[in-house]
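S.K.: Read off the chains here:
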Amino acid sequence: MQSRILVSYSVLAAAVLAVFLVVALASRGPVEAQAAVQARGYAIRRWWFLLLVAVFAVGFAVTIPFFPYGKAQAAGEPAHVPVTARQFSFDDLPGVIPLGAHVVFDVTAADVNHGFAVYDPHEALIGQVQAMPGYVNHLELTFDEPGQYTVRCLEYCGLGHPVMQAKFEVR
Amino acid sequence: MATMSIDAPGDRSGPRMMRLYLTSGLGLAGVLMLAGLSMRMVQAGWLHLGTLDFYSLLTLHGAGMITALLLCGMGGIWYLVRRETPMNAALGYWTYGLILAGVVLVLIATMVGKFATAWTFLYPLPFVNPVWPWWSTGAFLIGIMLITAGWTVWSLQILEALLRTYGGLRGALAWDVVFHPAAFKASGRKAPPAQMLPALVISFDGLFMSSAGMLLGAALLVHWVDPTVPLDPLWAKNLTYFFGHDIANFIIYLLLAFVYVGLPRYTNREWKTSAVFAIGWWGTLLFLLIAYFHHLYMDFAQPVGVQYVGEFASYFSAIPVAVVTVYGGLLLVWRSGIRWSLGSIFMYAGMAGWIVGGVGGLLDSSVPFNVRFHNTLWVPAHFHNYLLGASLFFALGWVFHRVEERGGRSSIATRWLVGATVFGGAALFIASFYVAGAAGVPRRYSIEPDPGPLLARTGSIGAIVLLCGLIVALVEGLRLWRAGQRAGQRAGQRAGEPAERGSLR
Chain A
572 MQSRILVSYS VLAAAVLAVF LVVALASRGP VEAQAAVQAR GYAIRRWWFL
622 LLVAVFAVGF AVTIPFFPYG KAQAAGEPAH VPVTARQFSF DDLPGVIPLG
672 AHVVFDVTAA DVNHGFAVYD PHEALIGQVQ AMPGYVNHLE LTFDEPGQYT
722 VRCLEYCGLG HPVMQAKFEV R
Chain B
389 MATMSIDAPG DRSGPRMMRL YLTSGLGLAG VLMLAGLSMR MVQAGWLHLG
439 TLDFYSLLTL HGAGMITALL LCGMGGIWYL VRRETPMNAA LGYWTYGLIL
489 AGVVLVLIAT MVGKFATAWT FLYPLPFVNP VWPWWSTGAF LIGIMLITAG
539 WTVWSLQILE ALLRTYGGLR GALAWDVVFH PAAFKASGRK APPAQMLPAL
589 VISFDGLFMS SAGMLLGAAL LVHWVDPTVP LDPLWAKNLT YFFGHDIANF
639 IIYLLLAFVY VGLPRYTNRE WKTSAVFAIG WWGTLLFLLI AYFHHLYMDF
689 AQPVGVQYVG EFASYFSAIP VAVVTVYGGL LLVWRSGIRW SLGSIFMYAG
739 MAGWIVGGVG GLLDSSVPFN VRFHNTLWVP AHFHNYLLGA SLFFALGWVF
789 HRVEERGGRS SIATRWLVGA TVFGGAALFI ASFYVAGAAG VPRRYSIEPD
839 PGPLLARTGS IGAIVLLCGL IVALVEGLRL WRAGQRAGQR AGQRAGEPAE
889 RGSLR
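Protein sequence lines correspond, in order, to chains A and B. Counting from 572, one number per residue, gives the positions in the first sequence under the numbering used here. Counting from 389, one number per residue, gives the positions in the second sequence under the numbering used here.
Honestly, the hints are just simulated from the structure, not real lab data. All of these numbers come straight from a predicted model, not from anything done at the bench. Mixed in with the good hints, there may be bad ones.
Derived DEER-like restraints, expressed as beta-carbon distance ranges [as the list claims (entries may be wrong)]:
no. : chain 1 : residue 1 : chain 2 : residue 2 : range
1   : B       : R558      : A       : G731      : 49 to 57 Å
2   : A       : L622      : B       : V492      : 45 to 53 Å
3   : A       : G600      : B       : G812      : 22 to 30 Å
Taking beta-carbon pairs under 7 Å as the criterion, some of the chain B residues facing chain A (in silico) [stated by the list, open to error]:
no. : residue
4   : V516
5   : P621
6   : M686
7   : P691
8   : V692
9   : I707
10  : L718
11  : G725
12  : V747
13  : V759
14  : R760
15  : N763
16  : P830
17  : I835
The C-beta atom is built at its ideal place from N, Cα and C for all residues, glycine as well.
Build out the structure end to end from the sequences listed, making use of the hints.
M.R.: What follows is the structure, encoded as C-alpha cells:
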C-alpha cells in the first residue's frame with residue numbers, strides 16, 4: 572500500500588512541477604495585460620475551486636469507512652492481547668500468535684508516551700497506535716500471513732527509542 | 389514598474405528591524421542545517437555521535453529551526469506593517485530580546501545540559517528517568533516560554549496596528565469588500581494590501597497558539613517544581629500539538645507576505661485584495677486552528693469526532709492555498725515577462741515546494757494513510773519539504789529581492805549554478821525522507837533499520853549539495869549587496885543625496 576501511495580505522490584508532485592514549468596516558460600512568450608489574463612484565469616479558477624472542493628469532499632467521504640476507530644468492537648469476537656509499553660520494551664507481548672488470528676492489541680504505557688507499530692515479515696508497516704500512560708488504545712489486526720513480525724516504538728520516548736522493539740511469530 | 393525602493397520614506401526602523409530579524413533567523417537556520425546534516429550522517433553511518441548527543445542535537449534542531457524561520461517571518465511582517473502604519477520600534481526590539489533570551493536558554497539546555505526530549509517534550513517524558521540534569525528541563529521550558537512570550541508581544545503589536553489602521557476587525561478582514569463592494573468602492577476607502585491579510589490572520593490565530601503554549605509551559609513548570617502535581621498526558625499532548633503544529637504552520641503564511649509584495653514587483657502586476665482573496669484568508673483563519681488534530685489520529689482514546697474534524701480541516705485548509713494564493717501567483721507570472729533573478733526564482737520555486745509538500749501532508753493527514761505513515765520519516769519529509777522547500781525559499785527570495793533592488797541581478801550562469809545545486813540538493817535530501825517513510829523507517833531513530841542507512845546516505849549527499857549551493861548563494865548575495873552599496877555611494881556623491889534603487893524589471 573505504501574509504495575502505491577509513494578508512486579501516487581510522485582506523480583502528483585511531478586504534475587505540480589510540470590504546471591509551474593509551463594507557466595514559467597509561458598512568461599517568456601508575448602506579454603499580456605494583467606486584466607486579460609485575469610479574465611480568463613478567474614473563469615478557470617471557479618472550476619478549479621469546485622473541482623478541489625469536490626475532490627476533498629469525496630476524498631473525505633471515501634476515507635471514513637477505513638477509519639480504524641471502533642473497529643475492535645465491530646469485528647466480532649477478537650482475541651484481546653494486552654500490551655504495556657515502557658522504556659524500552661513491550662511487556663506481555665506473546666511470542667506466538669496463531670495464523671489467521673483476529674487480534675485486538677490493548678495498548679497502554681507504564682511511563683511515557685510510546686508508539687506500537689506492527690511490521691509484517693516483509694518489513695511493511697501494517698498498523699499502529701500510540702501507547703499512552705493512563706489510556707488504553709486498541710489496534711485491530713488479522714494475521715493471515717505466517718512469519719516473524721516486528722513491533723517498533725514510533726513515538727520518541729527517550730534515548731533507547733531506536734532499540735525499543737519486540738518480535739513475535741505467526742504460525 | 390516602480391524603480392524606487394519599497395521602504396517607507398524616511399523610515400529607518402522598519403528596514404533595520406527586518407534586517408535584524410532576517411539575518412539572525414537565517415544565520416541560526418544555517419548553523420542548524422549543519423546540525424541536521426550531522427544527524428543524517430549519523431543515520432548514514434558516516435559519523436559517530438553518542439546517543440545523548442544525537443538526541444540533544446535533535447531537540448535543538450527541531451526547536452531552533454522553527455524559531456529561526458519564525459524570526460524571518462516576524463521581521464518581515466513587522467517591516468511590511470510598519471510601511472503602512474506607525475509602530476513602536478522599542479516594542480519590536482523587546483520582542484526580539486525575549487526570543488533571543490529564549491534561544492540562549494534552549495541552547496544552554498540542549499548543548500550544555502543535554503536536554504533531549506525532542507522539541508515535542510511530550511509529558512511526562514521530560515520528567516521520567518531523565519539522564520540530563522534537573523535544571524536543564526527548567527531551562528528548556530522557560531526558554532520555549534520566553535520565545536512564546538516574544539511571539540505574544542509581536543502578535544499583539546501587529547494586531548493592534550492593523551485594527552487601528554483598517555477600522556477594526558471588519559476593515560482588516562476586508563469584510564465590506566466581500567459583502568458591500570459597491571458601497572465600499574463608493575466610500576473611497578482602500579482594502580488592506582494583500583500582505584496585510586497574512587499579518588492579520590497569523591497574529592490573530594497566533595494569540596490562541598501562544599495561549600496554549602504558555603498554559604502547557606506553566607503546567608509543566610509546576611510539575612517540574614512539584615512532581616506530585618499530575619497532568620493528563622492526553623490533555624498535554626493536545627496542547628503540545630495545538631501549539632507546535634500551529635507555530636510551525638504559521639511560518640509559511642508569514643513568509644508568504646514577502647511573495648505578495650515581491651512577485652508583483654518582478655512581474656509588474658498587482659496582487660489585489662479581492663473578495664475571493666479575503667474569503668480565502670477567512671478560511672485559513674479558521675482551518676489553521678483546528679487542523680492540528682491530525683497529529684493525534686493514532687491516539688484512539690481521543691474522541692472520534694475530533695479525528696473527523698482533523699481530516700476535514702486538513703483537507704480544506706489546502707483550498708485557500710491552492711485556489712487563492714498559488715493559483716493567483718501563477719496567474720501573476722503567466723505571460724508577464726517576469727524578470728527572472730535569484731529573488732523571483734526562489735519565490736516562484738517556494739510556491740511549487742509549498743504545493744508539493746502540501747500534497748505529502750494531505751496524504752499523511754488522511755486517517756487510513758496515517759496508520760501507515762504516522763511517525764515514520766514521511767512526516768519529516770513533509771515538513772522539510774514545507775519549511776526548507778518553501779519557507780526558506782520565500783525568505784531567500786526576499787533577501788535577494790532586497791539586494792537586487794540596488795545591486796542588479798546575477799549572471800545566467802550563477803542563477804543556473806545556484807538553482808541546480810539548491811533545488812537539486814533539496815529535492816534529493818527531501819526525497820530520501822519520503823522514500824524512507826514509505827518503507828516504514830521510523831522517525832527519530834539515531835540508528836535506523838534498513839533501508840534507512842542507505843537513504844540517509846542519499847539524503848546526506850543531497851544536503852551537502854544543498855549547503856554548497858547556499859554558500860554560493862551567500863557569496864552572490866554579498867556581492868550584490870556590496871555592488872548596491874557602491875552604486876549608492878556613487879549616486880550619493882553625484883546627487884548629494886541617497887541613491888535611487890535599481891529596477892527589478
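S.K.: Holds or violated: is there a CB of chain A closer than 7 Å to the CB of V516(B)?
M.R.: Since the shortest Cβ distance to chain A is 5 Å, the answer is holds.
S.K.: If you check the beta carbons of L622(A) and V492(B), does the distance land in 45 to 53 Å?
M.R.: Since the Cβ atoms of L622(A) and V492(B) sit about 49 Å apart, the hinted range of 45 to 53 Å holds.
S.K.: Restraint: P621(B) near chain A, CB-CB cut 7 Å. Satisfied or not?
M.R.: holds (5 Å)
S.K.: Given P830(B) was flagged as interface, is its beta-carbon under 7 Å from a beta-carbon of chain A?
M.R.: holds (5 Å)
S.K.: Holds or violated: V759(B) as interface residue toward chain A, Cβ cutoff 7 Å?
M.R.: Where the cut-off is 7 Å and the nearest Cβ of chain A is about 6 Å from V759(B), the hint holds.
S.K.: Can the hint on M686(B) be confirmed by a CB-to-CB distance to chain A that is less than 7 Å?
M.R.: holds (5 Å)
S.K.: Under 7 Å, Cβ to Cβ, is where N763(B) needs to be relative to chain A, so tell me if that hint holds or is violated.
M.R.: holds (4 Å)
S.K.: Holds or violated: 49 to 57 Å for the Cβ distance of R558(B) and G731(A)?
M.R.: Cβ of R558(B) to Cβ of G731(A): about 55 Å, so the range 49 to 57 Å holds.
S.K.: Indicate whether the distance between the beta carbons of G600(A) and G812(B) respects the range 22 to 30 Å.
M.R.: With Cβ atoms ~26 Å apart, the hint holds.
S.K.: Restraint: V692(B) near chain A, CB-CB cut 7 Å. Satisfied or not?
M.R.: Holds, about 5 Å.
S.K.: Go through the hint on L718(B) and say holds or violated, using the shortest Cβ distance to chain A against 7 Å.
M.R.: Holds - the Cβ of L718(B) comes within 7 Å of chain A, reaching about 5 Å at its closest.
S.K.: Once the shortest beta carbon distance from G725(B) to chain A is found, is it less than 7 Å?
M.R.: holds (4 Å)
Hint violations for this structure: number 7 only, all remaining hints satisfied.
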